[in-house]
Every structure is written in structure tokens, then in C-alpha cells.
Amino acid sequence: MHIPDGILPLPVTAGALAATIGLTAAAITKIKRMPDPREGIPRAALFTAAFFILSTIHIPIPPTSVHLMLSGLLGVMLGYYAMPAVVIAIFLQAVMLGHGGLTTIGVNAIIIGLPALLCGWFYRWMRPTALRRGNRSHLGLAFAIGTFGSALAVVIFVMTILLFMPVYIDASAERAALLTLMLVHTPLVLVEGLFCAWLVHYFQRTNPELLCGSVAGNSVP
Amino acid sequence: MFHYPLLYPTRFVFTAHPTVKALWQQTIAGLCFVLLSAGASYGHGVVVHTEVQQAIQVEGVYDDGTPMAEAQVLVFSPGNPRTPWKTTTTDEQGKVSIVTDPEVLGRWSIQLRQAGHGATVYLDMEGDTVEVISRTESGWLKTTLIFALVLWSALATAGYFKRGRARHAHS
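In order, the protein sequence lines correspond to chains E and D. Numbers 1 to 221, taken from our numbering, label the letters of the first sequence in order. Numbers 1001 to 1171, taken from our numbering, label the letters of the second sequence in order.
Mixed in with the good hints, there may be bad ones.
Where chain D lies over chain E, by a calculated footprint (3+ residues, C-beta under 8 Å) [said to hold, decoys possible]:
{"id": "1", "stretch": "157-167"}
{"id": "2", "stretch": "172-179"}
Estimated spans, in silico, between C-beta atoms of each pair [claimed, not checked]:
{"id": "3", "chain 1": "D", "residue 1": "A1156", "chain 2": "E", "residue 2": "R33", "range": "23 to 31 Å"}
{"id": "4", "chain 1": "D", "residue 1": "S1134", "chain 2": "E", "residue 2": "M182", "range": "27 to 35 Å"}
{"id": "5", "chain 1": "D", "residue 1": "L1151", "chain 2": "E", "residue 2": "E39", "range": "21 to 29 Å"}
{"id": "6", "chain 1": "D", "residue 1": "V1061", "chain 2": "E", "residue 2": "M182", "range": "18 to 26 Å"}
{"id": "7", "chain 1": "D", "residue 1": "L1151", "chain 2": "E", "residue 2": "P60", "range": "21 to 29 Å"}
{"id": "8", "chain 1": "E", "residue 1": "H58", "chain 2": "D", "residue 2": "I1133", "range": "25 to 33 Å"}
{"id": "9", "chain 1": "E", "residue 1": "P60", "chain 2": "D", "residue 2": "D1091", "range": "15 to 23 Å"}
{"id": "10", "chain 1": "E", "residue 1": "P187", "chain 2": "D", "residue 2": "V1099", "range": "40 to 48 Å"}
{"id": "11", "chain 1": "D", "residue 1": "G1065", "chain 2": "E", "residue 2": "P35", "range": "48 to 56 Å"}
Treat the hints as calculated values from the structure; they're not laboratory data. Where a beta carbon is used, it is the ideal one built from N, C-alpha and C, also for glycine.
Could you put the whole structure together from the sequences, leaning on the hints where they help?
This is the structure in C-alpha cells:
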């Protein structure tokens, strides 16, 4: 889910970069309002590294391969820290691995970061209700969050390509390729849901204060 | 086999002692016949112009090794990055052969794209020399650097937690 340089028109990449800067600034403002913003930084660094590594591991699903996106999990685990974490990881991937491009950092950060922020918000909103209903309900919520995060990332990616396709591109061929890409990502979306459910359930049993992007004393506003 | 019945009207019949007028008519008719016959023969033939040019072989492969089969290939000439100079597609192995205009010197760019993924290769053409600039290849140094960085961040994070725990226990 990395859009490289040269695929999108310059105004689109510039607009996306501005939107990413805005979202990151808003997230950092929220983080600064916490009693101790520095407490969440190591966890954010840890998940940034995890996101960086896991998104470089290719899972072969014929006819191509896919990689984990972790939008839902990042949202649940990091809350507002997810946005700066994604921006840093996307930047490192572009510079060090050549995944994506420097001009498309904004677009790629939105593709992963926006679903992460939404998932974090959604989880914080639904968590008390799910916990009241029992473990199974909480597990279902985590699975839904995991699938929703990656599915939304795929949808944003595909819509961005479709909406800003240059006129000289063979549109029918590109649409067919994008449809294949979406079908290929369907199993991945389910895998992400299962992974998110497993990890969130584990933290809920062992260290529930780690969830919801909050650490000791730092409740996410 | 082509037939031209209009070339043989009755009034253009050749005679043993033609008049001057008839001679002119027969001459024109004969000329027309020759010209049209030549045209018909030309339509059957094939004229092949040959020119030796340098082709550039481009191969698109995803970083997991899968070829970019039937990906769209856009060739942009120097000074015109908005409209492709040529568009084509790769074959099943993700390969395509491109011949640029040798008269146009400068930086050509070749973009391969498929479903929002892709890469661009630049060709600097100066006279007979062609320099290929690709930003998509990653070497072992880059990979080593990545793992070193990741290891360092993991160790730093572990150290941070350890220090925090020790401080907590001490207090």
C-alpha cells in the first residue's frame, strides 16, 4: 500500500502532504495535553519499529504478494501516537527501502494513519460497552477494528488511484489490476483482524492499561 | 490478377495504318495502361526500410520477485513530462523493449505502473552515451543498515523500560 513517486499529480501529493501535516499536528496537540506525554513515546517507538518491519515482510498470495498494514492495531495500541509513528515509519521506508516515495509520504501516511486514528477513536468509544458484555464481545470488537483498519486503508489507496488517474493511462487495464489487488487483499484483511484480536485480547488479560493509547495516568482525551 | 476493361474501349483499337488522331489516342491509352499496371504491381510488393537503432530493455519486477506482467509503460521525452511520448505494456515476464528518438537528447523517463504501484527509470542521453539512473534498486548495504537501525531501536527501547523498572523498584 505504498504509492511511489510519479504516480499521482503534484497538486494531489502536495494536498495530501498538507493534510498529513495537519493531522500530525492535531495528534501531537492532543498528546501534549496528556499529563505526561513522554510516557507513551517508548511504546510508540516500539510499534513504529514493528510496523516498519512487518510491512516489509511479504506474504505470498497468488498472483502477487501482500504485506501487513496494522492500521487497526496501531490505532488501538497507540491512539494519537499512531499518526506520528506512521509518518516516521513511512519516511524511513521511502528513504531506506524505496517503498513509496518522498513526494508521496503525505498520501501514504494518510492511507495508513487516517484509518489508525479512526480505529483508535472507535475502539475508545466502543471499549466500555464491549467489556461490559464480556470477553467475547471485546474480542469481536478487536477483530472488527483490525479488519476495518486495513480494509479502509485498501479502500483509500484504491480510491486515490482511481480518482487521480492520468488521462493517458489505460483506465480499463488499471481498474482490472486494482480489482485484482483488492481481491488479493481480502485474506490479508481477515488476517489483520485475527492478529489484532489476538494481541488486544492478550493485552486485555495481562496489561489492560496498555490498550486505548493510554499509559499509567495518561488517559487519552 | 487485375483487369482494366476501361483501358480497351472500342475506339482505341490499334490499326495497321493509324491516323494522327488515332495515333495520339493509342499513345495516351498505352501510357495509361503502363502507369496503372505499374501501380497494380506495386500493391503486391513489400518495401522494407531498415534502420539500426539501440533498444533499451526494461524489466519490471516487484521486490518479492514477481514480474510486473502486462504493466503499463509510459515513456516521457525530455522537456515534456505531462504527455507520454510513447505508451506500451510489458510482456508476461515484465519485460519491454523501448527505442527512443536518438535525435532528442536529454533526460528520458520510463515509468512502469500497475494498480498504483510502479517505478521510474531515467535515461540521460548525451550523444552516443546513455546513463541509466534508477532509484529502485536496494543493495545489501541498505538492508544491513535497516536491520542495524531496527536492532538499535529495540535495544534502546528495552534499555528505557529496564531503567524505568529499576527506578520504580528503587523508589
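- Message: So, against the hints stated earlier in the document, which numbers end up violated here?
- Response: none
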